[in-house]
Each structure stands twice: as structure tokens, then as C-alpha cells.
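Peer 1: As they're listed, the protein sequences go chains A and B. Sequential numbering of the first sequence, starting at 1, is according to my numbering. Sequential numbering of the second sequence, starting at 1, is according to my numbering.
Check the hints yourself; a few may be wrong.
[To be verified] Using 25 Å as the maximum straight-line C-alpha spacing, the simulated SDA-like pairs for lysine to any residue come out as follows: (1) A/K35 x A/D291; (2) A/K11 x B/K142; (3) B/K179 x A/N242; (4) A/K250 x B/G201; (5) A/K171 x A/K11; (6) A/K59 x A/G293; (7) A/K110 x A/E157; (8) B/K142 x A/N242; (9) A/K35 x B/R235; (10) A/K59 x B/G238; (11) B/K3 x A/E209; (12) A/K188 x A/D8; (13) B/K215 x B/G38; (14) A/K171 x A/M245; (15) B/K179 x A/W249.
Just so you know, these hints were derived from the structure itself, not from any lab. Note that the structure is a prediction, hence the values are computed from the model and not measured.
Residues per chain, in single letters:
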Amino acid sequence: MSFEQVLDTYKFNEVKDFIFSRSARDVEFALGQEKLNEEDFASLLSPAAEGYMEEMAQKANRITLQRFGKTIKIYAPIYLSNECSNSCIYCGFNRHNEIPRVILTDEQIKREVEIIHNMGIRHVLLVTGEFPAKVGTDYLINSVNLMKDKFSSVCIEVYPMSQEDYELMYKNGVDGLTMFQETYNRAKYAEVHPAGKKRDFGWRLGGPERGAAAGFRTIGMGALMGLEEFRTDQFFLGLHSNYIMRNFWKTHVSLSLPRIRQASGNFKPHEIVNDLNYVQMILAHRLFQHDIGINVSTRETREFRDNLLRLGVTHMSAGSKTEPGGYAKEHDGKQFQVEDTRTVEEFCAMVRANGYDPVLKDWDTYFLNGE
Amino acid sequence: MFKNELVIDGRTFRSRLMVGTGKFPNATIMADAAEASGAEIVTVALRRVDINNPQDDILKQIDPKKYLLLPNTSGARDAEEAVRLARIARAAGCEPWVKLEVTPDPYYLLPDPIETFKAAQILVKEGFKVLPYINADPVLCKRLEEIGTVTVMPLGAPIGSNKGIKTIDNLQIIIEQAKIPVVVDAGIGAPSHAALAIEMGADSVLVNTAIATAKDPVKMALAFKMAVDAAVTARAAGMPGTRDRAEASSPLTGFLRN
Numbered sequence: 001m002s003f004e005q006v007l008d009t010y011k012f013n014e015v016k017d018f019i020f021s022r023s024a025r026d027v028e029f030a031l032g033q034e035k036l037n038e039e040d041f042a043s044l045l046s047p048a049a050e051g052y053m054e055e056m057a058q059k060a061n062r063i064t065l066q067r068f069g070k071t072i073k074i075y076a077p078i079y080l081s082n083e084c085s086n087s088c089i090y091c092g093f094n095r096h097n098e099i100p101r102v103i104l105t106d107e108q109i110k111r112e113v114e115i116i117h118n119m120g121i122r123h124v125l126l127v128t129g130e131f132p133a134k135v136g137t138d139y140l141i142n143s144v145n146l147m148k149d150k151f152s153s154v155c156i157e158v159y160p161m162s163q164e165d166y167e168l169m170y171k172n173g174v175d176g177l178t179m180f181q182e183t184y185n186r187a188k189y190a191e192v193h194p195a196g197k198k199r200d201f202g203w204r205l206g207g208p209e210r211g212a213a214a215g216f217r218t219i220g221m222g223a224l225m226g227l228e229e230f231r232t233d234q235f236f237l238g239l240h241s242n243y244i245m246r247n248f249w250k251t252h253v254s255l256s257l258p259r260i261r262q263a264s265g266n267f268k269p270h271e272i273v274n275d276l277n278y279v280q281m282i283l284a285h286r287l288f289q290h291d292i293g294i295n296v297s298t299r300e301t302r303e304f305r306d307n308l309l310r311l312g313v314t315h316m317s318a319g320s321k322t323e324p325g326g327y328a329k330e331h332d333g334k335q336f337q338v339e340d341t342r343t344v345e346e347f348c349a350m351v352r353a354n355g356y357d358p359v360l361k362d363w364d365t366y367f368l369n370g371e
Numbered sequence: 001m002f003k004n005e006l007v008i009d010g011r012t013f014r015s016r017l018m019v020g021t022g023k024f025p026n027a028t029i030m031a032d033a034a035e036a037s038g039a040e041i042v043t044v045a046l047r048r049v050d051i052n053n054p055q056d057d058i059l060k061q062i063d064p065k066k067y068l069l070l071p072n073t074s075g076a077r078d079a080e081e082a083v084r085l086a087r088i089a090r091a092a093g094c095e096p097w098v099k100l101e102v103t104p105d106p107y108y109l110l111p112d113p114i115e116t117f118k119a120a121q122i123l124v125k126e127g128f129k130v131l132p133y134i135n136a137d138p139v140l141c142k143r144l145e146e147i148g149t150v151t152v153m154p155l156g157a158p159i160g161s162n163k164g165i166k167t168i169d170n171l172q173i174i175i176e177q178a179k180i181p182v183v184v185d186a187g188i189g190a191p192s193h194a195a196l197a198i199e200m201g202a203d204s205v206l207v208n209t210a211i212a213t214a215k216d217p218v219k220m221a222l223a224f225k226m227a228v229d230a231a232v233t234a235r236a237a238g239m240p241g242t243r244d245r246a247e248a249s250s251p252l253t254g255f256l257r258n
């Protein structure tokens, strides 16, 4: 049974109502469980759990320390291109936005790689818009080959591919895939993706499954908070990630919890997700899945990220630029505004000052089958 | 609602308890105990019975309308012997279900993971529903699940030892990860052990020695039935766990109030 079939056994609005019907009693019951079921997870995501934040935090902190130790994995994104044929109404790369469009050349990629390598970064995430005519598998494979001797892990966050294409990427040195579903509500998904290939909800939903089947070691997943009622989307994200871990037991999954910040265009979010909401979602995910990775990017502010260190987070990006070529020279073609603008060195110093180890290398391309 | 019924490969059984047929004082007590246990799956060692003779002492006591007769390959020392035994059972008219046991060591009867895996590969290809008896090894469970066994049957303690759920930490991992039913087999020596296995999330338990060697096997079979019923009912009721008390101050989340 594919996850799409699993998802179709639920109704988004019924799940939403269920989450909002949870009481303090349900939350206390869930807090007593060592292993949470779906119902307990819903209780911890609910507004009723807002009064239990410290207890959830203590538990999440203890579980995370036990499973991951005092470590934070550090990575940085490399935006290769912001060309995009989609018109996602919340995204800076929307084809209707008038921003400088760039596809990095070999020389430009090498420059970015050099700079990022000198920053101390060894794990990178390659990001593109959806423009496979020019930025497809050939372009990505070429890009990976330009950098794989500099980095120990190269992951991709690009358009959804077929399993065969994912296999090709894996053979060429890509060890991980990131694919956000944005929202698990089909109707809302159609509304915010009015045109372009990204309209195909099911094709995107199946991306993590195809990637895991293709052999990727790590799969990053997420829903963009603010598009839809966020608690319900996080519930489905929990189920989706759990499905991947259960069905592809050799794959490790991590979650990201992006919330909408200022982007190009005039998109008005469905709702604003505040800091308390954000922390609650992280804690609920940690208590639901003890071994899952939790990733917080530079979309969040430095003060907030410093406070999140001890709350179940395992991966953080640092020194990020979100426009292609931005490490060499900043410009306006950003996907989103970076809030935490510290350098990698400054960020790692803060991590160490808090008693944690910033892990820059935790993998090596030698493991891969490729040449 | 969590019920006292078990679904294996699409087939529903009326109880989460499975029982064995060995070590009973006689075949009549064995049959009465099976009846009292409420079990619907009864396993029989192929080496003990004359599988081609319906008048065999044990076989004639097991009404195929009431029970799934689950032949087991106990005594097999390698994959080849186990496969041969399973084929013989099917040729004799048994349903193509087999409890796969490969136990080369005659003292502790610990299952051989390599030969069990090999035999399972062959039997699954031949269309058997394979229920493999294995050590409580979570990776072996995933490997068997991948090749298509219909359950995994990790042991709680060495077979016949009555020591209870000694492999609890590995069993928890197996239960958490499994997509097929987990049957805790071997080592269950008391009704409380069976209840614990079901409470912690196992789908089913298989009990033989603890019933067969009790002073009153029929009464003990009933005790196991009640224990499994109790654990199933407790799961349906939603068992409360233990909770930490939050500290009065909020060292981790105090920043959210600013």
C-alpha cells in the first residue's frame, strides 16, 4: 500500500476536528506513553497541549540526548538555479516573480563550492527550482561531479523524479533526498499550486517512497507551515515519515518545519505560526518518533535557534545563502530571506558554548556504489 | 478497537493465543487443553506424528474444522531438512502453512538464523505461508519480512525454559518496526508472561511447555486464555503509562513566555 493510499483513508477536516477535540486529559494520557500511537500524537499536536510545554520539552530533551547525544549536524544549501516553471503562490521562485533568474555555470559552481568548503562545510544540499529542460538530471550529475571531492555528503532538493532517475543520482554520488509535500490537503495543494508540474499532488507525495526505493540513505521531509492548518499538516507529516521509516527500514528520515516568512510576491498565509506553536510541533514529533532527525534552517532567527538547540533538534544549516551564486555575490533572486545570518564559525561557536558538538562530517561518499 | 483476534496474511483467527501439542501426559488432555485455551492455531511437530495417518493419536484429536493445524519442522538441523518436512506435510494434505524451526543445537534448541532464512526463501517461493521461529533479532525480522514470511516468531527466552520475556528490549524494537504480525514464541512460562507480551504490543503468543507440564494442563490452558484476554482488553482500554512531573521552573521553554 503506497502512502497515497494510506492518506486517502483519512479526511483532512475530520483529522483537524479530532486534533481540536483533544482535552488536557488526552494530553496527560499521551505524556504517560513511552511509545505514542497516532491518537496520542494528535493529542500532543493539539491546542490542549500548549499548557504542557515544559513537560514535553524535558521528555524530548531526554530522548534526543539518549539517541543523538549532544550533537548538531551542520550543513549548508547550494542553490544552483532559481529558474522555475511553477507558480507556487508562496514561493520566491514563482515564475511570475520578477527576480534575476540564474542557472549557475561550471565556473560559478566551482566558486560557490570553494567558498562553502572554506567555510568548513562538508555536508551540502543542492537546491533548484523545477526546470528540468535545462536543470535536469544531466545538469545535476555534472554539478555533483564538480563538487563531490570537496564534500562528504551531497543531498538534493529538486523536482520529484522517477525511481530510475533517483537511482541515477544515487549512483553519481548523491546520498540523500529532500522533498517537502508543502501541504497534505489536496484541495489546498491545488489552490496554492495553480500551474506547472508541481500541481501533481500524488507524484510529489510518492517522491520520498521512490527515493527510498532507489537507495538514498537519508530522506528529508516537511510541510510548509502557514499554507494550511498547521497542526493537521504536521500530523500527516508524522504519518508520512513513519511510513517511510517502516517500509524502508534502511533509510533514515529527518523532518523540517519551515514556516512562511516574507517571500517575493504578495502571498498572504492561511495563518501565522508563532514560536510556541513551532516548538510544540517539534516536541510532538520527537515524542512520536524518537529516532527521527529534526532540522531547523536559517529561516529562523538566531535567538530562536539558540533556544531550540536543546529541544529535540538534530540538524541545522549555517552560513546559508538562498540565491544561486549567493556565496560569491548576493543578489535579489532569493527563495526566502535568511534570518540567522551568522557565519558557520560563529554558529559553531554558539553550539559549542552550549555544550554541544557541531558535527561537520558524518558520512563519506566512499560508502556509495558510484565511481 | 483492539480485539482478541489475529489476522495473518488476510486470514482471521479468533484468538491471539497459539498452543503446542508436545509434552502432554496424553492426547486426550492435550485436546482438552487446546479446547480450554480458546486457541485456533495448534502446532504439531512433524517428527512426532504419522502425518499420513488420520488415526494418529495426536492428529485424530485435532478437528481441522476447529483448528488450523500448523505443522512445525522441529528437529530439522538445516534448511534442507526443514524444507523436506514442510513438503511432506503439504503432500499429506495439510494446508500450506508451516512453522519453520531449524534448531541444529539439540540442547537449547536455539534457532539457526542462516538456515532458517534459507529455508524461508525456498518455502515462500513454493507458496507456503511461513511462520519462522527465530531469535529476537530485529534485523533478521526485517530480512524475513522482505522475503515474504507471514509472521515472525521471535523467542522470549530459550524454548522450554519458562523464563519469560527475557529478550524484552529487542522484542520492543521488533514490534515497533514490524509490518507483519509478531508472535512471541518460546520461553513463556506463566500467564503473566503472555499478558506482558500482548500488553507491550506483540500480536500473538505461542505457549506449549507451560501448559503441557502444569499439574493441571487444562486449567493452565484456561489461565493463559484469561491472561491473553486481560491483556487484549487492557490494550483496548488504553493503558496509562508513567509520567514525569515537570519542574516548577521552565528551564527549556521559559523563553516562549517573553
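Peer 1: Does each hint fit the structure? Answer for all of them.
Peer 2: Hints versus structure:
The suggested pairing of A/K35 with A/D291 holds, with an alpha-carbon distance near 12 Å, which does not exceed 25 Å. The straight-line distance between the Cα atoms of A/K11 and B/K142 is roughly 31 Å, outside the 25 Å bound, and the hint therefore fails. Restraint check: the Cα-Cα separation between B/K179 and A/N242 comes to about 12 Å, which is no more than 25 Å; the hinted pair holds. Restraint check: the Cα-Cα separation between A/K250 and B/G201 comes to about 23 Å, which is no more than 25 Å; the hinted pair holds.
At roughly 39 Å between alpha-carbon atoms, A/K171 and A/K11 are farther apart than 25 Å, so this suggested pair is violated. With a C-alpha separation of about 16 Å, the suggested pairing of A/K59 with A/G293 holds against the 25 Å cut-off. With a C-alpha separation of about 19 Å, the suggested pair A/K110 and A/E157 falls inside the 25 Å cut-off, and the hint holds. This hinted pair checks out: B/K142 and A/N242 have alpha carbons roughly 16 Å apart, not beyond 25 Å.
Between A/K35 and B/R235, the direct Cα distance comes to roughly 13 Å. Compliance with the 25 Å bound is thereby established for this hinted pair. Between A/K59 and B/G238 the alpha-carbon distance is near 21 Å, which keeps this suggested pair within the 25 Å criterion. Under the criterion of a C-alpha separation no larger than 25 Å, the hint pairing B/K3 with A/E209 is inconsistent with the structure, at around 31 Å. A threshold of 25 Å between alpha carbons decides the hint, and for A/K188 with A/D8 the separation of about 15 Å falls inside it, so the pair holds.
About 19 Å separates the Cα atoms of B/K215 and B/G38, which keeps this hinted pair within 25 Å; it holds. For the proposed pair A/K171 and A/M245, the alpha carbon gap of about 22 Å is at most 25 Å, so the pair holds. Annotation: proposed proximity of B/K179 to A/W249 holds, straight-line Cα distance about 11 Å (limit 25 Å).
Against the hints set out earlier in the document, violations occur for numbers 2, 5, 11.
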